[in-house]
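Mapping of the sequence shown onto mature numbering (1 follows the signal peptide of the UniProt record, and there is no 0): residues -18 to -1, 1 to 461, in sequence order.
Everything labelled a hint here was simulated from the structure, so no lab data went into it. Please note: incorrect hints may appear among the correct ones.
[What the hints assert, rightly or not] Result set (DSS-like, lysine-lysine): computed pairs, CA atoms no more than 27 Å apart in a straight line: (1) K179 to K60; (2) K185 to K349; (3) K349 to K297; (4) K375 to K210; (5) K297 to K210; (6) K364 to K375.
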Amino acid sequence: MQVIVLVLVVFLCRNASAVYVINVDEIWKEFSANYNVSPRAIFSVEDFLNGYGYPFENHRITTEDGYILNIHRIPHGKDEQVKAENSTKPAVLLMHGLVLSSVSFFILPEISLALMLADAGYDVWLGNNRGNTWSRRHTTLDADLNATYWDFSFHEFGLYDVTAMIDHILETTGHNTLSYIGHAEGVTQFFVMASMKPEYNEKITVMLALAPPVFMQNLTNPLVQTLKNHYELFEFVFDSLNITELLPHSSDSTDFFNIVCSEDSGFQEICVIILSVCIGFDSDQIDRALLTDIFEDFPAGSSVKQWKHYLQEIKSGNTIMEKQKNLEVYNNSEPWDYDLAQVTVPTALYYGLNDWLVGLPDVERLKKALPSVILDHPIEYKLFNHLDFVFAKDVVSLLYYDLVNVLNDHNNLDPLTTKSTTSKTTSKSTDVTASPGSSDGTDLTTSVSVTTEGAATALCSSIQLLYVIVAFTIVKFVA
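Can you make the complete structure from the sequences, with help from the hints?
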């Protein structure tokens, strides 16, 4: 029974054409007719941020192994008249979590950590790991055609992506150090970097770790637990079908979520349940009026290998190198742990007590493994979960003011004393779809229409995500 369900799940996830037998294109036509779906503009990060009075720069860099990444920069606060090249503001790099992107830090402007930091006096840089919406280019490989492109996990994020970003930021600003804020996988890759390239410890003023998934033996997520228990089958099926990418972003998927997750759709609670099953239930902190905004660039794409690496860590109970990479680098089939004793950066740990992916015992273990923990900060709100760190409606009062003051203390800035809100200064609509634009990821102004075939793919992808959650939950109870 378990094998049948798992094979069905992977078969459904493979691509839209595999399930055209259920006439998805006809379903989409009915949806689009009933909900008046119309062409929408591709998401322009520059227009979005400028609309709220903030500057924007796109920086394109190439990693040592040929991946082309786009970093988004907000060099100063709202309506400030400061030239970025003359700025002496301390730099801070924000790194997103799994299937997220830089957009997660500002898509909800009223609670945006990136905008809050810009207003607090920081030169804000927002990274995008290889393979997400904004960083799908390579010097020789095509993400859509070459499976080799997707041969990476958070190991490569730490070894190549974040190091290239740090070097570029320091070179651009002329600073010797910067501060780092990681959310979820953005934390994992930082510790990979600091343990394998310890010279980068000297380039970081302070590291703030939000929802740190480093040790994951005590996670309570039923979907991930089921994947862990059936890892060999998961690996075999995905490898056999040559599936290398999971949950990519598309403009059509955003259109679909805008229909299904809107307040007047009648299906909004399904969207809430999908999010909750993945990361922990905290219905009160989900602003339903803004739920469709979250899906503007979520999910933003990932490699299958990222998921494999995390599952291997969960099974082992340690911070191990991905097994194939361990064979390639060390010619050793035994798990090799990342040496967290090498991480000498002053580190603050922030975690939720309702995070289904980061258990309290695992945070305690991480705290003991790191030599320079300066703060152990559980969020007081008991239902705070994995995505609440970027999307909770009360995240500013629950977390960000304390976080920014810790950052200020290490950058010789005055503590925050008053609350401020982010208000929009233009009448531009924010009902837009995130897209990397042109081949280099910098053309962010093109318009796009929803094709029937593309919409069908989006509908399939959305249905598949729900199938995955339901099916693996069934497997758990069948086991």
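Going through the hints against the structure:
no.	hint	verdict
1	K179 to K60	violated (36 Å)
2	K185 to K349	holds (21 Å)
3	K349 to K297	holds (20 Å)
4	K375 to K210	violated (32 Å)
5	K297 to K210	holds (6 Å)
6	K364 to K375	holds (15 Å)
In this structure, the hints that do not hold are numbers 1, 4, in rising order.
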